[in-house]
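Just so you know, the protein sequences line up as chains H and X, in that order.
For the first sequence, my numbering begins at 32 and goes up steadily by one.
For the second sequence, my numbering begins at 32 and goes up steadily by one.
Just so you know, the hints here were simulated from the structure itself, not pulled from any lab data.
What you were told as hints is all true, and nothing was included just to trick you.
Since the list gives no way to pick out one identical chain from another, each pair is judged satisfied if it fits inside one copy or across any two copies.
Below, computed lysine-lysine pairings styled on DSSO-like, alpha-carbon distance capped at 27 Å:
hint, residue 1, residue 2
1, Lys239, Lys272
2, Lys272, Lys247
3, Lys253, Lys70
4, Lys197, Lys272
Protein chains: 2
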Amino acid sequence: MNRIIAGRQPVMEALRAGTEIEKVVFLIGVHGRVIDDIKSLALKRNVLVAEIARQEFRDIASDATTQGVVALVSGQQQYVELETLLHIPGERNQNGLLLILDEIEDPHNLGALVRTAECAGVHGVIIPKHHSASVTSAVAKASAGAVEHMAIAEVTNIVNTIKALKEKGYWIIGLESTGIRLYTEADYRTPTAIVVGSEGKGIRRLVKEQCDFLVKIPLHGKIASLNASVAGALAMYEAAKQRSTS
Amino acid sequence: MNRIIAGRQPVMEALRAGTEIEKVVFLIGVHGRVIDDIKSLALKRNVLVAEIARQEFRDIASDATTQGVVALVSGQQQYVELETLLHIPGERNQNGLLLILDEIEDPHNLGALVRTAECAGVHGVIIPKHHSASVTSAVAKASAGAVEHMAIAEVTNIVNTIKALKEKGYWIIGLESTGIRLYTEADYRTPTAIVVGSEGKGIRRLVKEQCDFLVKIPLHGKIASLNASVAGALAMYEAAKQRSTS
Numbered sequence: 032m033n034r035i036i037a038g039r040q041p042v043m044e045a046l047r048a049g050t051e052i053e054k055v056v057f058l059i060g061v062h063g064r065v066i067d068d069i070k071s072l073a074l075k076r077n078v079l080v081a082e083i084a085r086q087e088f089r090d091i092a093s094d095a096t097t098q099g100v101v102a103l104v105s106g107q108q109q110y111v112e113l114e115t116l117l118h119i120p121g122e123r124n125q126n127g128l129l130l131i132l133d134e135i136e137d138p139h140n141l142g143a144l145v146r147t148a149e150c151a152g153v154h155g156v157i158i159p160k161h162h163s164a165s166v167t168s169a170v171a172k173a174s175a176g177a178v179e180h181m182a183i184a185e186v187t188n189i190v191n192t193i194k195a196l197k198e199k200g201y202w203i204i205g206l207e208s209t210g211i212r213l214y215t216e217a218d219y220r221t222p223t224a225i226v227v228g229s230e231g232k233g234i235r236r237l238v239k240e241q242c243d244f245l246v247k248i249p250l251h252g253k254i255a256s257l258n259a260s261v262a263g264a265l266a267m268y269e270a271a272k273q274r275s276t277s
Numbered sequence: 032m033n034r035i036i037a038g039r040q041p042v043m044e045a046l047r048a049g050t051e052i053e054k055v056v057f058l059i060g061v062h063g064r065v066i067d068d069i070k071s072l073a074l075k076r077n078v079l080v081a082e083i084a085r086q087e088f089r090d091i092a093s094d095a096t097t098q099g100v101v102a103l104v105s106g107q108q109q110y111v112e113l114e115t116l117l118h119i120p121g122e123r124n125q126n127g128l129l130l131i132l133d134e135i136e137d138p139h140n141l142g143a144l145v146r147t148a149e150c151a152g153v154h155g156v157i158i159p160k161h162h163s164a165s166v167t168s169a170v171a172k173a174s175a176g177a178v179e180h181m182a183i184a185e186v187t188n189i190v191n192t193i194k195a196l197k198e199k200g201y202w203i204i205g206l207e208s209t210g211i212r213l214y215t216e217a218d219y220r221t222p223t224a225i226v227v228g229s230e231g232k233g234i235r236r237l238v239k240e241q242c243d244f245l246v247k248i249p250l251h252g253k254i255a256s257l258n259a260s261v262a263g264a265l266a267m268y269e270a271a272k273q274r275s276t277s
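With the rest of the complex left out, here is chain H (with noise of 0.2 Å):
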């Protein structure tokens, strides 16, 4: 079954990432320096490119969110095994820096935590098979294309994978409003996981007792919550600071 990686960054993203792509359509009559440097790109990767009228390309992609081009791609989003995720950190000579996103249903919120996750350099997203969110288009989209780049693992059990986790020395750190902590006051620098919980129900109860730390991000104001996506990237460049600066 194929794959679809709709609009234009995300497109140019996979192209970039060297994602095995069949073919990249465009909308006839789009045009503009981003649809250029796609062009050039799928031709240097011996991509195929197409133009299709407007009823064609609507069979293709029924959302409004293309932008008028779409990549198609062989199979379903790759994720990896969790034991393939946690070599990367060691490839890359640094202390493991996860995020274990608990249940997190909004394919925005998902896509969003994935673009973040990428930009404050996480080495990897793990992510419950059942009750979240999976890597479809409109998170690849609403990602703008972190998803070719970030490792993603489906775990069967958030549980039994903080257990494993831990074996290997990592901490498990829950973004909880209990939280006695501040964000800010934790330790990022040794290898730590982040778990951010979903947006109307928080960190399940069995996955929160399993943190080391329940830390909090201070409220000033008269709402009750941060959006998920937020309060996640908050603690990711918490954690990217602490990293640059030991």
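Take the given structure of chain H and dock chain X to it, following the hints.
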């Protein structure tokens, strides 16, 4: 003309904030704890409540993001005058912390930025009248109701507004990928306005030239930029942190 606040949390926040609501309208059959809370709070506030059938409900709110409840508010979003907004920091005995959004066009981003601003203790948000998303019901929803609490001023000319702020002692910090300093190296404890540009184009040149500092957020991956609402969140929370520890 009536304004509509759509969604459970936004309606709840509007009731809590004492917004002048004419009526809260439920889709027939919706239920749940938040719905009960809205009903009892509306009762306490002497706000009319109605349950209507799906077809009628759709005539009021056509999109799928209402979660079965909307509040009808008299008049448009109450923007505040810049002068009024600038009095808020003094009333709280704080140095001003403002957010200037230079042509953010995506309602989701505008809403997310207002939500984070409220959580980070920002005193007011300044947006341009033209080429910017206005505060619509979609923005209110994306802000999780924060637009009801946050002072938002719409100005004709951002450059002139910045000049006026500088005369009042504000330092202007622009988020810009070409910035030389890191966003964590600037001082946000003095009266400060943080400028965030549009996702595609960044801060406009004339606005950029008015900034006292341009700061960048380090990017450790293969993606060229962060989402505007994430970038703004990182700067706002850096400011909040510096202010809480000084």
